[in-house]
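K.L.:
Letter by letter, the chains look like this.
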Amino acid sequence: MELMFTMLVPFLMLAAALWGLYKGVDLWGALTDGAEKGLKVSLRIMPPLIGLLTAVYMLRASGALELLGEAVGPLLTAVGIPAETIGLLLVRPVSGSAALGVGAELIETYGPDSLVGRTAAVMLGSTETTFYTIAVYFGAAKVGKTRYAVPAALCADIAGFLAASWAVRLLF
Amino acid sequence: MAMSLIWTAMVGAAILCGLATGNGGAVAKGALDGAAAGVELCLSMMGVLCLWMGVMEVMERSGIARGLSRLLRPVIKRLYQDFSKDGKVMDAVSANLSANLLGLGNAATPLGLEAARLMAQRTPGVASDGLCMLVVCNTASLQLIPTTVASLRAAAGSANPFDILPAVWLASAVSVAVGVTAAKLLARVWR
Numbered sequence: 448m449e450l451m452f453t454m455l456v457p458f459l460m461l462a463a464a465l466w467g468l469y470k471g472v473d474l475w476g477a478l479t480d481g482a483e484k485g486l487k488v489s490l491r492i493m494p495p496l497i498g499l500l501t502a503v504y505m506l507r508a509s510g511a512l513e514l515l516g517e518a519v520g521p522l523l524t525a526v527g528i529p530a531e532t533i534g535l536l537l538v539r540p541v542s543g544s545a546a547l548g549v550g551a552e553l554i555e556t557y558g559p560d561s562l563v564g565r566t567a568a569v570m571l572g573s574t575e576t577t578f579y580t581i582a583v584y585f586g587a588a589k590v591g592k593t594r595y596a597v598p599a600a601l602c603a604d605i606a607g608f609l610a611a612s613w614a615v616r617l618l619f
Numbered sequence: 027m028a029m030s031l032i033w034t035a036m037v038g039a040a041i042l043c044g045l046a047t048g049n050g051g052a053v054a055k056g057a058l059d060g061a062a063a064g065v066e067l068c069l070s071m072m073g074v075l076c077l078w079m080g081v082m083e084v085m086e087r088s089g090i091a092r093g094l095s096r097l098l099r100p101v102i103k104r105l106y107q108d109f110s111k112d113g114k115v116m117d118a119v120s121a122n123l124s125a126n127l128l129g130l131g132n133a134a135t136p137l138g139l140e141a142a143r144l145m146a147q148r149t150p151g152v153a154s155d156g157l158c159m160l161v162v163c164n165t166a167s168l169q170l171i172p173t174t175v176a177s178l179r180a181a182a183g184s185a186n187p188f189d190i191l192p193a194v195w196l197a198s199a200v201s202v203a204v205g206v207t208a209a210k211l212l213a214r215v216w217r
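Residue numbers (this note's numbering), protein chains in the order written: chain A, 448 to 619; chain B, 27 to 217.
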């Protein structure tokens, strides 16, 4: 089972390559074009990450994150969410780059293979920037009466945070 | 605007709290370390991110996204009952979903917005059940291979950056299921 997930990435690469060749796609061109897009994405997220990691490192050094964790920690621990992730919970629905910055700092500080690091990664991977998405979609559709979209989306977020914490405890 | 406020609040809270706890010096040093960490993080993420964007591009050009969107049709029709007869909307919604699953964010958003515009034409200014469902599905993360997160973990020296996949799938599935159920239930009572 573990080997399956270790080998998933190389196998997906091979499968995509074989399928691309079979379909007559310019495989090498697609691969390098995609990598170039990756470079652009990295460059685009760099300026916000610099700004946000600065703020997150300052918060970490000031002891504010620990205080916040202590204040609401018992509540979070009671439902199985690691208290250290409080910062991530707060920014995740509002800003994608802030969540990336806070998550990166958690993964760096606690280690990528620790409980907190893994939970932060799974939370980042299984939730979205809810409020931003809602604003963009309803803005584009020129819809003002959003009815139950916001509460339903927030239910999904809360479920995602809880499930991320439980899944990491269950699977690791 | 939201970001400006968040950033100011974070920096302000750090300074206030740092002064109150006597960690002022550490806060000042944190600012410098954080800026450097932002650059280092991006550079060390770049490799995995570029590799995956390359593989994704191959998948997209070889028609995997289109095939997937055809496979998803029956599920979509069931989720969006009020638009199941509207071919254009169904096309845009299923293409949006398959792009989301494959992590093609740049392709998914325009498709989703197109679907949202088409849906809103029927009920101008008010969100229909279909539009609410579309928004809920797009605020949940459906990406099968969370590339950015895996590259974050790789950058931090994880033994196996992709070993979180089963946990991510489980958490995403729970989150989407709860969102869709909440939307379906609320649709009955929230007129």
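Everything labelled a hint here was simulated from the structure, so no lab data went into it. C-beta atoms are modelled at their ideal positions from N, C-alpha and C, and glycine is treated no differently. There could be a bad hint or two in this list.
[Said to hold, decoys possible] Some, not all, of what chain A presents toward chain B, calculated at C-beta under 8 Å: (1) L450; (2) F452; (3) T501; (4) V526; (5) A545.
K.L.:
Which of the stated hints cannot be reconciled with the structure, identified by number in ascending sequence?
P.N.:
1 and 4
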